[in-house]
Every structure is written in C-alpha cells, then in structure tokens.
Amino acid sequence: MAITTRYFSTAAAGDEDGTSWANRAALLDGSGYFSSVITGFDFTSDSLICRIGPGTYAVGQNFNSALFSVSTPTAASPLLFHGCDASGNLLAPVDPDWKSSQPAWSATGIPLIDFGGYYSSLTYFVPLHLNFTGNRSGYMFTSLHGAAWCQFFLTSSSTSAYIAGTAATMSNCVFSAKGATAYACIVIPSAEIYNCRIVGPGASSGTGDRHGIIDVVGNRQINCTVLDVGGNGINCTASHVSRRFVVLGTTIANCGGSGINMSNSASPVTAITLIHNCMITGCGAYGINANSQISALVKDCRLRDNTSGNFSGLGNFPTDFNNYTTDSDDATEYVDSAAGDYRIKNTATDVWGKGYGAGDEPASGSGGAPHYGDRSGGKN
Amino acid sequence: MAITNTEVITFANDTVRPMAEKLRALKYEIDAAITKYNGGIGAVCVADMAGLVEDGREGEGVSRLTGNDIVGLVAQMTTLQAQFAGAGVMDVIIKPCVRPLRVAE
Chain H
1 MAITTRYFST AAAGDEDGTS WANRAALLDG SGYFSSVITG FDFTSDSLIC RIGPGTYAVG
61 QNFNSALFSV STPTAASPLL FHGCDASGNL LAPVDPDWKS SQPAWSATGI PLIDFGGYYS
121 SLTYFVPLHL NFTGNRSGYM FTSLHGAAWC QFFLTSSSTS AYIAGTAATM SNCVFSAKGA
181 TAYACIVIPS AEIYNCRIVG PGASSGTGDR HGIIDVVGNR QINCTVLDVG GNGINCTASH
241 VSRRFVVLGT TIANCGGSGI NMSNSASPVT AITLIHNCMI TGCGAYGINA NSQISALVKD
301 CRLRDNTSGN FSGLGNFPTD FNNYTTDSDD ATEYVDSAAG DYRIKNTATD VWGKGYGAGD
361 EPASGSGGAP HYGDRSGGKN
Chain V
1 MAITNTEVIT FANDTVRPMA EKLRALKYEI DAAITKYNGG IGAVCVADMA GLVEDGREGE
61 GVSRLTGNDI VGLVAQMTTL QAQFAGAGVM DVIIKPCVRP LRVAE
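Each protein sequence line maps, in turn, to chains H and V.
Take 1 as the starting number for the first sequence in the working numbering and just add one per residue.
Take 1 as the starting number for the second sequence in the working numbering and just add one per residue.
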C-alpha cells in the first residue's frame with residue numbers, strides 16, 4: 001500500500017513523467033486526452049494523487065474506467081486530483097472561514113478543468129481545490145467519490161443537464177447553474193454534504209423538477225445554502241422506511257418549489273427526520289412540505305414569505321417548537337441578498353445570533369465572534 | 001361567512017397564491033419583451049413565413065422559427081399586456097402574492 005504523487009500542468013516539462021514539478025507531465029494531450037501517467041497507473045495497491053497546476057484544461061474525451069489500461073481506482077486506492085500552485089505546492093483554502101451563505105469563495109488562480117460536452121463517470125475519483133465547467137446535456141459527473149473546495153459551473157440549458165450524480169461526501173464546494181438559461185439543476189443522490197453552496201438559474205426557470213439537491217437515500221445536509229433553483233431546494237425522495245433525512249443549519253431561499261420537500265413513502269417512515277436551525281425564505285410553494293410523512297421534527301427554524309405557507313403535511317408533529325415565522329423581508333434580515341450574501345445581518349436582532357441558517361454576519365465593532373451555526377462537529 | 005373548508009384553504013395556498021405570483025411575473029416579463037421588441041427587434045423582424053431564423057437549433061430537436069412566428073407571438077403578448085392593463089386586473093393578481101417581485105422575474 002502506497003500513495004504515489006504525480007505532477008501535471010498544461011504543458012509538460014523536463015522528463016515529462018510527472019515524478020516532480022520540474023518533470024511534470026501534461027494533464028491532457030493536444031486532443032484533450034488524459035495523460036497515460038494517470039490512465040496507465042496501477043491502482044491495485046496504490047492510490048494516485050495528481051497535483052494539477054494553474055491554467056485551463058480543455059477535456060476532449062469522457063473520463064471513464066475504459067481509459068485505464070492497467071487497473072481502475074478503488075475505494076482503498078482512489079484517484080485524487082488536487083490543485084497546486086506554479087511550483088507544485090498544494091493549494092490551501094482561499095478563505096478557510098468561508099460559509100456557504102456568503103458569495104462563492106474566489107476562484108481566481110484555481111486550476112480550471114473544462115469538460116465542455118464531455119463528462120466523468122469514473123468512480124473513486126476525488127477532486128480538491130479545482131474548478132470545473134461543463135455544458136453537457138446530461139451529467140457533468142455521474143459519480144463523485146468526494147470533493148472539497150471545488151467549484152462546479154454548469155452552463156447547459158438542456159432539460160436533462162445536471163452537475164453531479166451519485167456522490168459520497170462533499171464539503172466547502174460551490175455548485176452553480178447560474179450561467180444556464182433554464183433547466184439545469186444539481187443532483188446529489190447519496191451525499192453527505194457540508195457547507196456547500198448550490199445556486200440555480202432562477203426560481204422561475206425550469207419545469208418545477210429542477211431541484212437543488214435530490215436526496216434519494218436520506219442523508220445529512222449540514223450548513224449548506226441552496227438558492228434560486230426552479231424546483232425544490234432539497235427534495236428527499238428516499239422511500240425506505242428507515243431513511244435518516246437530516247437538514248441542519250441550512251439556508252434555502254427563492255426556490256421555485258418548496259424549500260424542503262419530502263416524499264411520502266409507501267410505508268410509514270420509522271426513522272425520524274430532523275430539520276433544525278434552518279432559514280427558509282421566499283420559496284414558491286411551502287417552506288417545508290412533509291407530504292404527510294409522519295416523522296419529521298422541525299425545530300428552531302426561521303421561515304417566512306413562502307408562497308403556499310411555511311409548513312405542510314407534518315401530521316401529528318408540531319410546527320411550534322421554537323420556529324420563528326413573524327413577517328420580515330430580505331433587506332432586513334440578509335446582509336445583501338441581491339449580491340448573493342445570505343448571511344444574517346447583525347442588525348436583524350430578531351434572527352441574528354439565533355442559530356438560523358448557514359451563517360451570520362460577524363458582530364459589528366470589536367471584531368466580535370461571528371455567530372456561525374457550525375453543526376458539523378468539525379470541518380471535513 | 002368565514003370559509004373553513006380545508007379544500008378551499010388548500011386550494012388558496014397551493015394553487016391561487018403560486019398562480020398569482022406566476023401571473024405577476026408574466027406581466028412584467030411581457031412588458032420587458034415588448035419593450036425589447038419595439039426597441040429595434042421589430043424593425044428587422046417582419047411577419048414573413050419564408051424568413052427562417054437561423055439559430056441552428058434543429059439538431060436539438062426544437063422547431064425552426066420564422067419571422068412570422070415571432071411576430072405572431074408578440075401579437076399574443078400584446079393582447080395579454082392589454083388584458084393585464086385592464087382596470088383592477090393587477091390588483092386582483094397582486095393581492096394573493098406572498099413574495100416580493102424579484103428583479104430576475
């Protein structure tokens with residue numbers, strides 16, 4: 001068992017075998033095909049860390065297991081892409097204190113991999129500190145084993161365009177379909193998601209099924225922010241009765257459908273759903289629609305200005321466990337929603353410091369501690 | 001007499017209020033589209049069935065438009081614009097709305 005590190009840039013240098021930055025390989029050849037340093041690697045017992053240098057990489061083929069001539073990545077020996085600087089040093093978070101309710105962290109200088117109309121279906125592939133763009137009519141990624149500090153931009157207007165399919169764990173990422181003209185959405189069916197920002201093309205865009213997150217398993221969404229998607233902010237379709245669907249400290253605003261929508265599975269759900277400390281505003285249907293699911297506990301949430309109402313379908317579960325629904329507006333409660341800053345304004349005394357949503361504005365004066373509701377138990 | 005029928009209440013919240021917001025948004029979208037059309041598009045787009053719009057989208061499976069198609073839709077938008085401009089119409093539409101009108105709309 002070993003970890004092998006190889007270095008890549010837009011152009012090769014030195015021995016071109018990737019064994020050092022001085023001898024880096026080209027990540028892609030002239031046709032946009034992935035380097036044989038990667039596709040010829042033996043993952044049987046070793047993992048491969050690829051340090052990707054600054055620049056833009058235009059992919060010219062689908063990234064899938066068929067490209068690998070020896071063996072493919074495994075759970076124990078995955079393929080990791082990690083952005084690096086112009087000397088081959090690993091990139092660090094641009095803003096370690098970034099909260100998903102803030103505008104996206106600066107992507108300036110972060111290596112960009114442009115999939116164009118191609119896509120990745122490679123399993124056990126984990127990108128870190130990288131930017132991705134794509135305009136495919138379909139998934140940009142059908143499988144992501146994990147991701148951290150990446151930004152994903154989808155520009156396709158296709159009705160079947162999605163950023164990510166099956167995924168495992170993701171943290172501190174930005175998923176944006178803002179450049180898309182209509183339908184694109186983000187689908188993350190089986191992910192644990194922490195402090196990620198998901199931005200759709202607009203609440204009036206799409207056909208209503210363009211959700212921010214589709215949770216088909218029943219997982220945890222923690223400290224995330226979901227904005228401007230055409231459908232539901234988070235749509236839980238997990239149908240097994242023991243699903244453990246959890247949404248904590250998440251901000252959901254201006255979605256075309258409900259902020260959080262849960263399917264009513266055929267059999268009564270036996271595991272309890274937790275929706276705590278969320279900020280859900282300005283959605284076109286309900287703030288939270290449990291669709292008569294019997295086990296959803298909504299507590300300590302802020303909800304307002306949701307077109308059909310704040311709660312629906314919670315059955316015999318209460319809606320008054322410290323949930324705050326008094327009228328207000330975005331200008332009063334958010335720092336600058338027009339600019340994408342959905343932290344809670346420190347002058348909004350009714351809601352600031354109460355643990356609602358993905359993060360508060362820091363206290364004014366004195367540089368006081370921000371009231372961030374970090375419920376992750378520590379950063380991923 | 002107060003309406004307590006749950007079906008009516010559900011209809012009001014699930015259907016009436018969202019529909020009102022969509023109609024309000026449509027009104028402003030139509031106004032913006034007609035303004036854009038009258039700002040120069042109309043001068044170069046005539047009602048000509050032979051004037052094909054070369055947007056190259058046949059490969060996507062979408063219909064090929066003509067100048068006649070565009071002018072025809074603008075005419076329909078103009079009819080709807082007049083309907084929205086009728087006395088009291090927007091008052092009826094705006095009252096059920098919950099969310100403020102957003103710039104993006």
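These are computed hints drawn from the structure, not numbers from a lab.
Quantities reported herein were computed from a predicted structural model and do not represent experimental measurements.
Warning: the hint list may mix true and false statements.
Derived lysine to aspartate or glutamate pairs resembling EDC-like cross-links, with alpha carbons at most 20 Å apart [said to hold, decoys possible]:
1) K354/H / D300/H
2) K345/H / D320/H
3) K345/H / D327/H
4) K299/H / D350/H
5) K299/H / D336/H
6) K95/V / D350/H
7) K299/H / D327/H
8) K22/V / D305/H
9) K95/V / D300/H
10) K354/H / D305/H
11) K95/V / E16/H
12) K95/V / E29/V
Against the structure, the hints come out as follows:
1. K354/H / D300/H: Cα-Cα ~8 Å, so holds.
2. K345/H / D320/H: violated (24 Å)
3. K345/H / D327/H: Since the Cα atoms of K345/H and D327/H sit roughly 16 Å apart, the hinted pair holds (cutoff 20 Å).
4. K299/H / D350/H: Judged against 20 Å, a Cα distance of about 16 Å means the pair holds.
5. K299/H / D336/H: violated (26 Å)
6. K95/V / D350/H: With Cα atoms ~27 Å apart, K95/V and D350/H exceed 20 Å; violated.
7. K299/H / D327/H: holds (18 Å)
8. K22/V / D305/H: holds (15 Å)
9. K95/V / D300/H: violated (30 Å)
10. K354/H / D305/H: The hint holds at about 19 Å.
11. K95/V / E16/H: violated (68 Å)
12. K95/V / E29/V: holds (19 Å)
In this structure, the hints that do not hold are numbers 2, 5, 6, 9 and 11, in rising order.
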